[in-house]
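Could you build all of it, start to finish, from the sequences and the hints given here?
4 protein chains.
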Amino acid sequence: MTSAATMTSAFHYHHRVQFYETDLMRIVHHSNYLKFYEEARVAWAHERGLLDYQKLESAFSLAVIETRVFHHKPAVFGDHLKIEVKAKLEGIRMIFAYRILRDEDVISTGKTVHATLDLNLKLIRPPQNIRSVFNKEAELNPWTETWLLNLFA
Amino acid sequence: MTSAATMTSAFHYHHRVQFYETDLMRIVHHSNYLKFYEEARVAWAHERGLLDYQKLESAFSLAVIETRVFHHKPAVFGDHLKIEVKAKLEGIRMIFAYRILRDEDVISTGKTVHATLDLNLKLIRPPQNIRSVFNKEAELNPWTETWLLNLFA
Amino acid sequence: MTSAATMTSAFHYHHRVQFYETDLMRIVHHSNYLKFYEEARVAWAHERGLLDYQKLESAFSLAVIETRVFHHKPAVFGDHLKIEVKAKLEGIRMIFAYRILRDEDVISTGKTVHATLDLNLKLIRPPQNIRSVFNKEAELNPWTETWLLNLFA
Amino acid sequence: MTSAATMTSAFHYHHRVQFYETDLMRIVHHSNYLKFYEEARVAWAHERGLLDYQKLESAFSLAVIETRVFHHKPAVFGDHLKIEVKAKLEGIRMIFAYRILRDEDVISTGKTVHATLDLNLKLIRPPQNIRSVFNKEAELNPWTETWLLNLFA
Numbered sequence: 005m006t007s008a009a010t011m012t013s014a015f016h017y018h019h020r021v022q023f024y025e026t027d028l029m030r031i032v033h034h035s036n037y038l039k040f041y042e043e044a045r046v047a048w049a050h051e052r053g054l055l056d057y058q059k060l061e062s063a064f065s066l067a068v069i070e071t072r073v074f075h076h077k078p079a080v081f082g083d084h085l086k087i088e089v090k091a092k093l094e095g096i097r098m099i100f101a102y103r104i105l106r107d108e109d110v111i112s113t114g115k116t117v118h119a120t121l122d123l124n125l126k127l128i129r130p131p132q133n134i135r136s137v138f139n140k141e142a143e144l145n146p147w148t149e150t151w152l153l154n155l156f157a
Numbered sequence: 005m006t007s008a009a010t011m012t013s014a015f016h017y018h019h020r021v022q023f024y025e026t027d028l029m030r031i032v033h034h035s036n037y038l039k040f041y042e043e044a045r046v047a048w049a050h051e052r053g054l055l056d057y058q059k060l061e062s063a064f065s066l067a068v069i070e071t072r073v074f075h076h077k078p079a080v081f082g083d084h085l086k087i088e089v090k091a092k093l094e095g096i097r098m099i100f101a102y103r104i105l106r107d108e109d110v111i112s113t114g115k116t117v118h119a120t121l122d123l124n125l126k127l128i129r130p131p132q133n134i135r136s137v138f139n140k141e142a143e144l145n146p147w148t149e150t151w152l153l154n155l156f157a
Numbered sequence: 005m006t007s008a009a010t011m012t013s014a015f016h017y018h019h020r021v022q023f024y025e026t027d028l029m030r031i032v033h034h035s036n037y038l039k040f041y042e043e044a045r046v047a048w049a050h051e052r053g054l055l056d057y058q059k060l061e062s063a064f065s066l067a068v069i070e071t072r073v074f075h076h077k078p079a080v081f082g083d084h085l086k087i088e089v090k091a092k093l094e095g096i097r098m099i100f101a102y103r104i105l106r107d108e109d110v111i112s113t114g115k116t117v118h119a120t121l122d123l124n125l126k127l128i129r130p131p132q133n134i135r136s137v138f139n140k141e142a143e144l145n146p147w148t149e150t151w152l153l154n155l156f157a
Numbered sequence: 005m006t007s008a009a010t011m012t013s014a015f016h017y018h019h020r021v022q023f024y025e026t027d028l029m030r031i032v033h034h035s036n037y038l039k040f041y042e043e044a045r046v047a048w049a050h051e052r053g054l055l056d057y058q059k060l061e062s063a064f065s066l067a068v069i070e071t072r073v074f075h076h077k078p079a080v081f082g083d084h085l086k087i088e089v090k091a092k093l094e095g096i097r098m099i100f101a102y103r104i105l106r107d108e109d110v111i112s113t114g115k116t117v118h119a120t121l122d123l124n125l126k127l128i129r130p131p132q133n134i135r136s137v138f139n140k141e142a143e144l145n146p147w148t149e150t151w152l153l154n155l156f157a
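Protein chains in written order, with the numbering used here: chain A, 5 to 157; chain B, 5 to 157; chain C, 5 to 157; chain D, 5 to 157.
Read the hints as simulated data drawn from the structure, not as lab findings. Any given hint might turn out to be false.
Short derived list, chain C residues pointing at chain A, Cβ under 8 Å [stated by the list, open to error]:
#1 H19
#2 F23
#3 Y24
#4 L28
#5 R30
#6 F81
#7 D83
On a predicted model such as this, the values are computed, not experimentally measured, just so you know. Backbone N, C-alpha and C fix where the C-beta goes; we use that ideal spot for every residue, glycine too.
This is the structure in structure tokens:
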């Protein structure tokens, strides 16, 4: 479980671009950005105490409702990418926003929208422990940066 | 080269969901929808005379600027998906819209935005043959269906 | 269910190389050959009556024990590949051999070895319907071609 | 450049299994093992001074001639895998062997065979700097473990 102290700093994650993630244009294939976002989102959930890798049954597994990716500059083999993650709750939907940086360059910004489903695959309200983490997150890391505002404009 | 006659019917493409496209939730992993869209987009470009598989140098290779995917229902292993493709030009940007169906079920709707770049990676106007195909396409298959309007609302 | 008549011809499957299957060397990334083999193996199982896409519970899902791939020539974007499939039973193991052709060119040869597991993940003898299909297959399509002999030399 | 001192310890690499690497059997899809091997092989080449991520032109990019993977136990989402890498030269061919461990469990053993090609895609002898690194590697980390001997039996 993450303490409030750790949560005051926005979460980020690192990914080294692999050879197998490139395509014949010699850049990262665009479908891989959703994989980078997922790596970062899962690491965030783990860091925030919502996901125990060894107990998947109790895990933070969510339906993906929508994804959106903006490509600002191409990433290439060997790049060391930093992926910033922001999370907030909007009604019963969990919204994540991402920014991928290579040093000062903004490579990509994007968002994914998720929901929890019951056993009949109907949308339900996220459980209390999830809501609690999202609410603390939004409070400690408010969505005020320009790139976030642009993403939802 | 495709005749105007063929172009009057909207383009669609078929994809059989493979085992390796599933994840541990027993559904298609969401990153694969961008691959299905790409398969359909490339087949469209081939059908419309813009891409010769054997001469990649003269090919229709475009930067991806933005992708957006809405997930309405999950697809599973073995599904026989129909992917409808719509294309239009908006200034110097090429816009594709997609709808994935399994029989009557709408699985996904989405769009991708592309641009042609010059050798210095600056955005340029698409060449005349591309503009011509897109303009004919939009004329013969106008974007009037409800799902398209919702996608860009 | 496939009749003995159909089984007299060796099974083959077609795959069009997609853009997303290439890497920065401008050829198909080597990990994708295992995906092409799987597509062909699943299509074979479907054709031979062992797999109903709509009833996965009763499906032909097998543990992969070993894979081996020889790369003879590179495949590139847009290639129309023909994948030949051979199957036989060896004790409790199911062996598949594959040859990928682009016109007359041999692109790849390889094999995969599979087994059925019980609920405790112990190797068990394949069920009767699987054994029956494999035995008929080996009888009607004996492994006599030179490429098969080389593969197991 | 790596000093002889560093080379005395066999090289290993870590990989956290991602959600997108699983399939509907709830285990890692078998094609991903070739990606894990590649990650480890590239990291080895980087560590041994053969690959500069920022200067791909001078990089250690090799044709893949053969791959072989043995699956001993399944890996699952969240597993923290350790990948051991061994390298040696055999004539003009570069041979890598890999062992993937999850704590004490052996998940996979395998090998990949590579060659350098000239501009006409003919096999050539690897350049001097590559030969030198491989020769030192084999000297300092001889292939004596049982798992290596079994792999090439």
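Each hint tested on the structure:
Interface restraint check: H19 (chain C) against chain A, minimum CB-CB distance 17 Å, threshold 8 Å, status violated. For F23 (chain C), the shortest C-beta to C-beta distance to chain A is roughly 6 Å, which falls under 8 Å, so the interface hint holds. With a cut of 8 Å, the hint placing Y24 (chain C) at the interface with chain A holds, because the nearest CB-to-CB distance is about 5 Å. With its C-beta approaching chain A no nearer than about 4 Å, L28 (chain C) sits inside the 8 Å limit, and its interface hint holds.
Look at R30 (chain C): its Cβ gets to within about 4 Å of chain A, closer than 8 Å, so that hint holds up. Restraint check, F81 (chain C) versus chain A: the minimum CB separation of about 6 Å is within 8 Å; hint holds. Hint on D83 (chain C) is violated. Least Cβ distance to chain A is approximately 12 Å, over the 8 Å limit.
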